[in-house]
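**Q** Residue numbers (the working numbering), protein chains in the order written: chain D, 25 to 422; chain F, 50 to 133; chain Y, 89 to 422; chain L, 46 to 373.
Treat the hints as calculated values from the structure; they're not laboratory data. Do not rely on the hints blindly, as some may be mistaken.
To be verified - Straight-line Cα separation of at most 27 Å, DSS-like style, residue types lysine-lysine; simulated pairs: (1) F:59 with D:66; (2) D:66 with Y:355; (3) D:66 with Y:127; (4) D:319 with D:418; (5) D:325 with F:56; (6) F:100 with D:319; (7) Y:348 with D:47; (8) D:47 with D:66; (9) F:59 with D:319; (10) D:47 with Y:355; (11) Y:365 with D:66; (12) D:167 with L:300.
Stated by the list, open to error - Facing chain L, according to a computed beta carbon distance under 8 Å, are these residues of chain Y, among others: (13) 188; (14) 219; (15) 224.
The beta-carbon is built from N, C-alpha and C at its ideal position, and this holds for glycine as well.
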Amino acid sequence: MSEFRMPSLGADMESGRLVEWLKSPGTEVERGDIIAVVDTQKGAIEIEVFEDGVLEEILAEPGEEIPVGRTLAYIRAPGEPGREQRAAEKPKPESEAESPHTPATAKPTPSATAYPPSIPGIHMTPAARRLAAEHQVDPSTLKAGPDGVIGLSEVQAAIGAAPTPLEARPKPKARGIDPVEMRRAIAAAMMRANREIPHYYVTSTIDMTPMMNWLSARNAERAIEDRLLYAAPLLRAVALSFAKFPDLNGTFEKGAFVPADRVNIGMAIAVRGCGLITPAILDADRHDVDTLMTKLNDLVKRARAGGLRSSELSMGTATLTNLGDRTADGLMPIIFPPQVAIVGCGQISERPWVVKGEVVARQLMEMTFAGDHRASDGRRGAQFLSHLASLLGKPEGL
Amino acid sequence: MAQEYEKIVKDALLSVAPDLEGEEIVPDETFRDQFEIDSIDFLNYVIGLSKATGLDIPEVDYPELESLQGAVAYLRRRKGSMGF
Amino acid sequence: MSADNQVSLSRAEAMALLGQMILIRRFEEKCAELYSAQKIRGFLHLYIGEEANAVGVMRALSPDDAVVATYREHGHALARGLPPGEVMAEMYGKAGGSSRGRGGSMHIFDKKHRFYGGNAIVGGGLPLAVGLALADKMQKLNRVTCCFFGEGAAAEGEFHESMNLAALWQLPVLFVCENNGYAMGTGLSRSESETSILQHAKSYRITGEDVDGMDVVAVRAAALSAVGAIRNGGGPRFLENKTYRFRPHSMFDPDLYRQKQEIAQWKTRGPVVQFSKWVIETQLLSQSDIDGLEEEAARTIDEAVRYAEESPWEPEEDLERDVYTPRKVEETAR
Amino acid sequence: MTARTITYRDAVHEALREALRGDERVFLMGEDVGYYGGAYACSKGLIQEFGEERIRDTPLSESGFVGAGIGAALGGMRPIVEIMTVNFSLLALDQIVNNAATLRHMSGGQLSVPLVIRMATGAGRQLAAQHSHSLECWFAHVPGIKVVAPATIKDARGMLSTALADPDPVIIFEHATLYNEQGELPETDDYAMEIESARISRAGGDITLITYGGSLQKTMAAAEDLATDGVDCEVIDLRSLRPIDDATIMASLAKTHRAVIVDEGWRSVGLAAEISARITEQAFFDLDGPVARVCSAEVPIPYPRHLEMAATPQPDKIAAAAREVLRR
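Just chain D, with the same shape it has in the complex (with noise of 0.2 Å):
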């Protein structure tokens, strides 16, 4: 017994719809005969059998849609005993057809997650991407270019690293500081100095109502344009301590320290919408207060408006950040690379404090000393800043 299935006539038939028999039931079959007629998409089509035999049953009805593969009918060979009636056979799916290709099975495309996923609103080119993700350079503090693409160029000034032939040729720059240019150079420093420097920190609380005091008396008599800052007082006494510990003055260079001939402190100076500029007081322990007052003055002056020596931008040997009048209790400090410490000062508020077995209210200042563990170790940055808390202690002899 053989079944008589609904034949596929080309790939794209799907099913056929029986029109009708042209052999009953128990009549004879012979090779080629046609048997029914189906109707396609493209009209009506003779259905023969390929092979001799009986027509033994049919199991379709002539208007029913019968998909391809489907048993139509079952023939007897000749020779072969009847049997007895049969279910309807489930239609068989054209899918189980024999295929030649095995499921292609997806291949891996490259991944794109080695190099940091663009930033919604921010352009940045996929070279820029690859080559901040090679240096760990944080995309989001990318500074755009003015065409507000992040590229290559952008990446290369964070970084430091030495810009194609095509950057380095200078550009016509407007005068003044460039916040963008300022901002890189911004995060290539400090990138660097999380990266390479093993920050340790010693911090103390310093009181520093002798020196309000001191200054207070001194600016009474003077004309407002003479005035004093604590800045000054604080930066000459900052000067002095480096002087005093030299091992703390200088710069890591090629995995060693390098000791420094001279006291150059690098003062951190806010620019409003630019960031940090941190342009060095050159031979700060040489000067007197007034002096330094006054070098103070004309560096902050400069530093906003744009004109710094590069002498002051490369040849600092310790940095001194200092937040001023309302803002927070303290900081800890990054170390401005290649050298070694740093110190940071919070406000001076009025806090209580403990003179002589009373509590009393005293002017009190957070200092905070950020050392190069390479260069140096927390007790030598804690002598530091006891031998700086004892200057600031007595302000006439600054």
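Chains F, Y and L: place on chain D using the hints.
**A** Then chains F, Y and L, alone, in the frame of chain D:
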């Protein structure tokens, strides 16, 4: 009158922070909070005020000068109706 | 069938002609069955009814000659002597097929047999045949290129360009137009202003004749005469064989454009029926000869199917193989 | 090594003559290649030297004689078929695409078609919209054929013999404005140039300008212009349009990070688009800006000189595109 004091204050401020040209100044908010004015800027601002008005301004008065409103009031108080 | 033919036909030749026609007929019927069973896919254009043309013409060719055929070329491939197993495996798309299974039913190639397809662009094979003949002529090789095409090709520009070039350059081409009356479903009178394709050829000064394409003996005789003329340096020759396909254009064709009566009428002149009757009447062959040929064809086809079934699929890794000639093969060839 | 100054046309002529002398199987076939001397005079005098059999004038039957070329190649010859211009080649597309390109693969590797087709291409001679197009990409789209575009005298002289030695069909596109170009050709015993790689025509570090054929000189001019601005251009002459030498392009991009593609074909769905896609696929993380394209305007090439110039890539457009990519 108040407008002239206001101009003096603004000029003094702009002389230390020219980049603030055109910025809106909230009258009762401190310059420090609005514009990241630091102590050196502030000192120079006070010097500017002093020069423009001829007033000797002691350190103890500094807190009064920290906002536009405060500074104008301070100048009015110190200068009265002296006018210019 | 004329008495002349009887004289010139040996028993062996009659056996060969009938044997090939029966083989092709049964092979094609098997293909239809395998197509319905989804073993063969794509387009399948059966040659049933037209067997006399391929069989008669091929008897006039030598192994050195070249054959260019159409997409209805299984019969030509078998008549040319291609191994039936390889032809069937090609129908299946198996690696053991004539063309590694890449071409399927429409693209059977066999370089050994100088069988150049298997061309599925109507008219596209004619310029190739002209070029093959040009190469022979330039290399002074006394070979014939035989080009089969349907009457539908006569409407293509390539037909006319090829007629012109072959005649102009007096190239050794035998053009065989298998005129079965329909280009798919469009009858000749509905597509040609001049329904004699031979007339087109003659307008290019090509000698030719009309042939009864249902009569294998007539086809053979015409081909022998034409090939002889070509070998003698007579330039191209043209045969217009009037024939008929009994089956629709392809498997998925409801045959809406022909009358059943017309088909039935042509079937009475079917090449196998007609020649069988004639060899019996003339006592050239006996019924047992014919039965033997049927049995042999059945055996051959069974073997061909078994070969195709057992043949492996070409591995997917070989997908891009032979787009270009591999470098090392190229270098050794130089 | 001495060099001599010859024209591109003479270089093609010499290459043809050498090929015909060196191999009996080689013959030249096409419209007016014989007594007329070739539409661009590349085969002038060859019919006198080699005869009508081997310098075969054909009727105006592009499909017929290209197909005959394919057949002759199958039959053991090494035909060089000349199609007068790329626009006329459309009449032979059936033979090129359906036969020349398919036969090897479709026959399971049994057949090969050692055919060379030469044709003129491109605008620049005020020949309007049926003689001026650059359809190289149509052919470069098709697997089974190789497509080359000699842009220099050296390549015009050297690519033909390599193409003839190739067992597969090779199409040579000669830009019609190049025939009169003069240049130095170093004397050598073997002029053969390989035909599957690109050439760095000018080395540079700032930006890669990728081009071929008739646009090479325009691109070199743009590079000169940019150099006066301090922009250091690398210029790649693709030479082969199928296969495309990805390695040379990507190596350059790894250096310059920026690319402009100059293609006389139309922009939409063209060769420049293909190369741009390959760069995105293979060198995405090298890119420091979008890939730019300088192509022909999307119009049939018009007849008047100024419109023809406006429709096709010119040095100033190329330089402007480069500046934009460079964000300058």
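**Q** Next, verify each hint and record whether it holds.
**A** Hint check results:
no., hint, result
1, F:59 with D:66, "violated, 89 Å"
2, D:66 with Y:355, "holds, 25 Å"
3, D:66 with Y:127, "holds, 22 Å"
4, D:319 with D:418, "holds, 22 Å"
5, D:325 with F:56, "holds, 22 Å"
6, F:100 with D:319, "holds, 21 Å"
7, Y:348 with D:47, "holds, 19 Å"
8, D:47 with D:66, "holds, 23 Å"
9, F:59 with D:319, "holds, 26 Å"
10, D:47 with Y:355, "holds, 22 Å"
11, Y:365 with D:66, "violated, 38 Å"
12, D:167 with L:300, "holds, 24 Å"
13, 188, "holds, 3 Å"
14, 219, "holds, 2 Å"
15, 224, "holds, 6 Å"
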